[in-house]
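Undergrad: Let's have the full structure, built from the sequences with the hints guiding it.
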Amino acid sequence: MEAYKRVALARKKTRPTGLDYIENLFTNFIELHGDRCFGDDPAMITGLGLLLDMPVTIIAQERGKNTKSRVKRNFGSSHPEGYRKALRQMKLAEKFNRPIVCIIDTSGAFCGIGAEERGQGHAIAQNLMEMMTLKVPIISIIIGEGGSGGALALGVADEVWMLENTIYSVISPEGCASILWKDSSKTKEAANCLKLTAQDLLELEVVDKIISENHRDFKLVYKELKINLYKTFKKRKVLPKEELTQLRYERFRKFGAIEEKELID
Amino acid sequence: MMNKVLFKKPKNELETSSRFNRKTNPAIPQELCRSCPSCKNMSFTSDLEKNYHICSKCGYHFRINARQRLNMICDIGSFIEHNQNRTSINRLDFPGYTEKLEQATLFSHEKEGVITGVCKTSGFDVCIFVMESSFMMGSMGQVVGEKITQLFEYATKHRLPVLGFTVSGGARMQEGMLALMQMAKTSGGVKRHSDAGNLYIAVLTDPTTGGVTASFAMEADIILAEPEALIAFAGPRVIEQTIRQRLPKGFQKSEFLLEKGFIDGIVPRNLHKKNIASLLSLHLAPKGGETHGSL
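As they're listed, the protein sequences go chains A and B.
Numbering-wise (the working numbering), the first sequence opens with residue 28 and increments by one.
Numbering-wise (the working numbering), the second sequence opens with residue 436 and increments by one.
You may find that some hints are simply not true.
Between beta-carbon pairs, the in silico distance windows are [to be verified]: (1) R243(A) <-> R594(B): 28 to 36 Å; (2) R594(B) <-> K40(A): 52 to 60 Å; (3) E537(B) <-> H60(A): 49 to 57 Å; (4) S212(A) <-> D528(B): 17 to 25 Å.
Computed far set for chain A versus chain B, every beta-carbon distance over 12 Å [what the hints assert, rightly or not]: (5) R38; (6) D47; (7) N55; (8) F56; (9) E58; (10) R115; (11) E121; (12) N154; (13) D244; (14) N255; (15) T259; (16) K264.
Treat the hints as calculated values from the structure; they're not laboratory data.
Beta carbons: idealized from backbone N, C-alpha and C, even for Gly.
TA: Structure follows, in C-alpha cells:
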C-alpha cells in the first residue's frame, strides 16, 4: 500500500534529522537552552542562526542518529519543557522581529508520568494559542514524522511544508488500527485511511508545499529549502503585522468552516 | 414499597444475580434505581436528579448529558442554541465512519458532540458550550471545532464571556488531519476572544483528554474541574503501555492536577452555578453595567 510505504520512508533511520537541517540551512548557529521553569529538553533544539543574511530563530525537534543519541534525545518525543522552551524562543523572536523556522520530526509528544505531571496538554495548548498571534513570519517544515499534537505544537505557521516522503497524522497508523479495529495487523489499511501523506495533505490544504526528494540527494533538498525559506520570509516580512496574523488565523479557520450562517443572532 | 433487602450491598456477583433472578422478587426497572459505580449505593433516579446526579453517600458524580448540564446552569428558558442542525460528513471516506455517526445520533439524540449557544446564568449573559460524551465520546471533528470557534467569534463580537464544559476523548481520528487542525482553529478563536479582554471559564468534567486538553480546555482564564474527573493529555492506558508501569492511584484526577498547579479549583456539581455566578460578578456587572467586558 502506497501510504504505508511513505510511513516507513518517513521513519527511516538513515533520514537526516533536525541537526542536519540546522547545519545545512543556516550559518552561525548558536544553541540556546532551557525553558526557565523546569529544565532543558534535549528532544527540542532551539537557537539563532543566519539564513543567508537574515537572522532567524530556529526550533527543531531532534530524534537522534544512533542509539546513544536517540536515548539522549528521547527519540524525538518532547516533554512539556521542550514546548515551553520553544515558546520562550518564539516570544524572543517576536521581540527582536526575527522570522521563525520550525523543523518538525516527532512520533508525538511524550506520554509518561513526568510529562503529565508537568502539564503536557497545557504546554501544547499554550503554543497553539500564542503562535496564532505571533507578529513575525513562521514557517514549519515536516522532515520526517509529524505526530499529532506534538507536531502541531510547532505547526501553527503561516506556511507548512512537507518533504515528499514524510507523514503528518492525527494518530499513528498503529494506534488507529488498534483503537478502531482492535487489530494491529491492519496498520497498512489505517495508514491509507488517515490521509497522512504529503500528497493527500496538499489536496486537503493542510500543507502548502511539497519539497521534492526525487534525487535522493539531500544537498538539493537543503538548497531548495534555503531558497524557498528566504523568498517566503522576504515576502512575509513586509506585510503589516495585523495582516500577517489575520492570514495565519484564516489559514487554520478554513478547516471545516461553515459558509452560510445558520447562527441565530 | 421497596424491600430493604434490595439495598443491602451484595457480597459478590453471584448473589446479586440470584437475588434479582428469583421469581418471587419483583424486577426493578432500570430507570427507577441506579447503583453508584464507586460505592455501589443504590439511589432512586428521582433522588439523583434532585441531587445533581451526585451519589448522596460518597459524592460520586454520575456522568450526565449536555442537556441536563444546560438545565443546571442556564436560567430557565434563557438558552438559545446556535448551529443546532450541524451534522458531520465523512469527507475522507473513512471506513465505517458514516455508520458510526448514525449510531451516535441515535444513541445520544444529538447531532454532534457539542451544544453551543447563548444563555443567562444567574442573570449574566454568557456564551456557553457543553460537550456531549454520548456522541462518539465528545471527540472533536470539524463540526465540533467549528461550533466552538464560531461561539468564541460570536462572544468576541458581542463582548460576552464564554463558559465551557468539556468532556472529550480528543481529536476524532476518522477525520484525520482535518480533526487535528481544529485544535489550532479553536485555539485561535480563544486567543482572539482573550486578547479583546473577555473572560473564558472552563469546567473540565470526566473525562477530558487528548486534543481537547491540549487546546481550548487548558486555555481558559479560569479552569475549574469536577471532583475526581480524569483530565489528561495521554490517557492512562496509553501511558501504561508506553512506560510499562502501573500508574499511581489518583494519577491524572482533578485533585492531582490541582496539586500540580494546572487547575484553579475543584467544584462539586451542585455548586457550579453559584461559583460561576460569583466569578462572573467579579468580572462584570449584570445587565447594563459600565464594567469592562459587559454588554
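Undergrad: For every hint, state whether the structure bears it out.
TA: Verification of the supplied hints:
| no. | hint | in the structure |
| --- | --- | --- |
| 1 | R243(A) <-> R594(B): 28 to 36 Å | violated (56 Å) |
| 2 | R594(B) <-> K40(A): 52 to 60 Å | holds (54 Å) |
| 3 | E537(B) <-> H60(A): 49 to 57 Å | holds (52 Å) |
| 4 | S212(A) <-> D528(B): 17 to 25 Å | holds (22 Å) |
| 5 | R38 | holds (17 Å) |
| 6 | D47 | holds (26 Å) |
| 7 | N55 | holds (32 Å) |
| 8 | F56 | holds (28 Å) |
| 9 | E58 | holds (27 Å) |
| 10 | R115 | holds (18 Å) |
| 11 | E121 | holds (14 Å) |
| 12 | N154 | violated (9 Å) |
| 13 | D244 | holds (29 Å) |
| 14 | N255 | holds (22 Å) |
| 15 | T259 | holds (19 Å) |
| 16 | K264 | holds (22 Å) |
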